[in-house]
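Enquirer: Let the sequences and hints guide you as you build the complete structure.
Listed here are the chains, written in short residue letters.
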Amino acid sequence: MTNHLPRDEQDASDIIRDASEKGILLSLSGQGTKAEMGRPNQTDASISSASLTGITLYEPAEMVISAKSGTPVSEVVRTLAEKGQLLPFEPMDYRPLLGTRGEPTIGAVAAMNISGPRRIMAGAARDSLIGVRFVNGRGEVVKSGGRVMKNVTGLDIVKLMAGSWGTLGFLTEVTFKVLPKQERMTTLVLRGLNDAQAIDALSQALGSPFDVTGAAHIPARDRQGASTLIRLEGFSVSVDYRLGELRRLLKRFGGSTDILEGRGAEAVWQSLRDATVLTDGADRAIWRVSTAPTKGPEFTKRVAQALEAQWYYDWGGGLIWISTSGDGDAGASVLRETTQSLGGHATLVRAPAEIRSSVDVFEPQNEAVMTLTKGIKASFDPSGILNPGRMYAGI
Amino acid sequence: MTIAFPKPDEAVLARRKDIIAGLGRLVPSEALIVSEDERRAFETDGLTAYRQMPLAVVLPSTTEEVSAIMRFCHEHGVKVVPRGAGTSLCGGAIPQEDAIVLGVAKMSQVIDIDFEGRTARVQSGITNLGISQAVAHEGFFYAPDPSSQLACTIAGNIAMNSGGAHCLKYGVTTNNLLGVTMVLLDGTVVEIGGEHLDAPGYDLLGLICGSEGQLGVVTEAVVRILRAAEGARPALMGFSSVEDAGACVAAIIGAGIIPVALEYMDKPAIQICEAFAHAGYPLDVEAMLIVEVEGSDQEIDDMLRRIVAIAEPFKPKTLKVSQSEAESAAIWKGRKSAFGATGRIADYICMDGTIPTGQLPYVLNRIDEIVKSYGLGVANVFHAGDGNLHPLVMFNTNVPGEMEKAEKAGEDILRLCVEVGGCLTGEHGVGIEKRDLMTCQFNKVDLAQQMRVRGVFDPLWLLNPAKVFPLEGRLAA
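As given, the protein sequences belong to chains W and H, one line each in that order.
If you're matching positions, the first sequence starts at 1 in UniProt numbering and goes up one per residue.
If you're matching positions, the second sequence starts at 1 in UniProt numbering and goes up one per residue.
Simulated from the structure, these hints should not be mistaken for laboratory data.
Ideal Cβ positions, reconstructed from N, Cα and C, are used throughout, including at glycine.
Fair warning: there could be bad hints in the mix.
Claimed, not checked - Computed footprint of chain H on chain W, listed as stretches where at least three residues anywhere in the stretch have a Cβ under 8 Å from a Cβ of chain H:
{"no.": "1", "stretch": "122-134"}
{"no.": "2", "stretch": "180-191"}
{"no.": "3", "stretch": "200-210"}
{"no.": "4", "stretch": "286-294"}
{"no.": "5", "stretch": "378-392"}
Expert: Written as structure tokens, this is what we have:
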């Protein structure tokens with residue numbers, strides 16, 4: 001199998017044009033740290049952005065950064081940190097969960113719309129992604145968006161590229177808007193709440209005027225009691241004030257409270273971001289569920305009635321990470337039934353390849369949406385050579 | 001008057017009677033407008049220099065009616081121009097003679113509000129402000145706030161991906177939309193997204209937002225609602241040069257402060273607004289910033305103290321921190337009346353390009369030169385934090401040729417925005433106004449990719465077909 005490592009955008013365009021003419025099916029990747037995600041697909045060759053690296057534009061005063069798609073996320077994060085800025089959506093690092101090595105790339109963050117806990121207030125990767133350059137399945141170099149944060153010129157192809165898992169185009173350059181890193185971060189922890197109480201408390205916090213930037217709940221497990229975590233960021237004076245107000249607001253939930261700051265707090269949010277809160281063995285399947293926050297507790301209740309499962313909540317209850325047994329269908333039928341009745345969607349993030357080939361990895365789409373999906377795929381990649389079947393069969 | 005409409009389809013015009021009869025079978029008679037007098041109310045939108053009489057106007061009340069109308073138009077090859085409140089500044093809702101207007105304004109109900117989950121489901125004809133009013137009793141609001149929010153509909157906001165003065169902190173429509181019910185051209189009703197975040201599969205929601213009525217008609221929307229801050233207060237700063245004001249904006253953001261609004265006005269704009277609103281603006285400065293911050297009184301005091309210290313090195317000639325509700329209201333009244341106040345003294349066209357903020361001084365000086373070269377005047381008011389410019393090019397409609405000159409000057413300004421790394425439109429949309437300039441921002445390949453995506457939804461070019469893409473070089477299905 002040929003592994004293409006294009007040196008530049010033109011090179012990538014030549015490789016893909018040639019593949020489209022010959023009907024060569026291509027796997028797209030950066031450094032392959034997430035190769036075991038999505039539906040397993042069979043391809044004839046691969047194309048990687050690993051040689052397309054480097055930050056191409058960074059204007060701190062304009063809060064914008066552009067990088068070639070193969071640039072390591074760590075390099076982008078470091079460059080921003082030098083000027084006291086960050087990626088607002090706090091992208092998850094999948095390596096601990098998937099047990100992979102190598103450097104996650106910024107292109108994959110865009111292609112998979114990877115976000116973390118701050119998504120609840122700052123939006124997802126797709127909300128910060130303001131420009132892309134990519135090669136479509138015809139081998140054409142296409143650009144959409146740009147480097148300015150307000151732009152409604154033409155159809156928003158940028159959004160389509162975000163979360164398309166390389167099925168529409170091979171990204172060569174991405175541009176994100178960024179935010180200043182706040183002076184101080186602190187976390188209010190409520191102890192001992194059950195799921196329903198915790199989501200209620202998180203809803204109160206998120207529905208307050210106090211700009212909560214993280215809202216998670218880790219249920220009790222083994223000898224560990226439950227913790228409900230509410231993050232505040234900002235200037236110190238303001239953080240102190242809002243912390244006081246939140247404690248007053250949430251007093252009625254009783255129980256003991258703690259304040260986490262500094263490294264301890266950072267480590268907790270990193271484990272929530274990277275789903276390492278789920279410490280079960282590597283043979284367990286991992287699901288990521290997005291639902292209405294208030295449906296969270298009912299969702300897990302229904303899953304737990306049918307399956308042995310562990311879970312925690314982020315996004316105020318709207319994001320649920322669930323670990324199930326890696327046998328059988330890894331809980332697919334139960335989870336799908338629950339998303340159907342309560343609303344939302346579930347993605348099988350980690351499971352053996354046999355399971356990922358036999359059950360839907362992504363939430364199945366209704367017929368009308370699937371028709372549009374197929375049409376959009378064909379409009380970018382008429383011969384269906386880019387990451388075929390990675391998201392849905394036939395896409 | 002330099003923008004062309006496609007030649008109407010004579011065959012469709014000849015079938016007008018049958019088309020009206022067909023539509024009459026789908027909706028109650030009061031929902032179908034056919035008389036010339038009544039149709040005239042729909043012949044233009046916020047871009048009033050251009051007018052076209054539609055074949056007929058339909059104002060359905062339900063998603064089912066919209067679906068039936070769309071299916072009928074699809075089967076009979078009739079063009080459809082979707083319309084919210086008709087406030088588009090780029091001609092996005094201007095009809096065509098061989099098209100019907102499908103207005104959603106009658107569908108204006110709030111369907112469900114979930115304060116705990118922080119979402120609201122509404123019919124798409126509700127006004128932008130209507131959403132905020134429906135949730136205000138619990139202290140919530142809907143964040144994007146275009147100047148036309150009293151009149152404009154959420155349907156139109158979705159079509160144009162509208163912004164507003166406060167999007168530096170809260171984002172634009174696409175960042176606040178969770179789901180839609182949309183009717184496709186063939187009448188199919190699709191549900192996309194919902195009360196949860198990040199729909200699975202391709203980001204169709206992101207694609208629909210800003211698609212200017214070319215992909216379908218949105219009949220319901222689920223939007224995020226947010227709890228309003230405890231308070232907000234603006235400060236006003238006047239500078240003796242454009243450069244100082246620009247550098248001050250960069251310094252505020254560089255210090256890690258994201259004000260909820262950061263507005264810029266140049267000298268002509270200050271004078272026009274002050275004469276109208278008596279806001280207490282300084283008349284002896286070249287540029288003025290309005291910086292607004294939110295929070296508790298204590299937080300606001302702290303933040304404004306920081307901002308004042310940051311502004312110090314740029315030697316502001318005026319520095320006024322609002323001390324009362326009345327003062328805050330006056331400061332904003334001036335800014336918000338900018339378009340109206342300019343309209344009192346001249347005809348104007350309002351441009352909407354975005355530029356990298358580092359280019360502000362250069363671009364403002366160039367705009368001045370461009371407009372002068374046409375013998376016209378310009379006032380600049382805009383969102384400085386994100387570089388979204390709104391030059392108001394002033395002219396006198398009664399002087400033959402002046403409007404054409406203003407249009408030319410506007411074109412030159414937009415080309416300049418693209419040249420320095422920006423774009424043609426930050427929040428108003430392309431519509432007909434900027435349609436023919438698309439080729440200066442996008443090459444053929446970029447446009448072809450967009451048109452192919454458009455073709456997935458509307459291969460026959462029946463939905464708002466005179467807009468966005470230059471008439472030359474269109475891809476057939």
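Enquirer: Closer than 8 Å Cβ to Cβ for three or more residues is the test here. Does the stretch 286-294 of chain W pass it with chain H?
Expert: Three-residue rule met by the stretch 286-294 of chain W, so holds; n is 5.
Enquirer: Can you take a look at whether the stretch 122-134 of chain W is actually covered by chain H? Rule is 3+ residues, C-beta closer than 8 Å.
Expert: holds (count 4)
Enquirer: Count the residues of the stretch 378-392 of chain W whose Cβ falls closer than 8 Å to any Cβ of chain H, and tell me whether that reaches three.
Expert: Coverage by chain H holds here, the residue count being 5 at a Cβ distance below 8 Å.
Enquirer: The stretch 180-191 of chain W covered by chain H? Criterion: 3 or more residues, Cβ-Cβ distance below 8 Å.
Expert: Result for this restraint: holds, n = 4.
Enquirer: Three residues minimum, CB to CB under 8 Å: does the stretch 200-210 of chain W make the cut for coverage by chain H? Let me know.
Expert: holds (count 6)
Hint compliance for this structure: no hint is broken.
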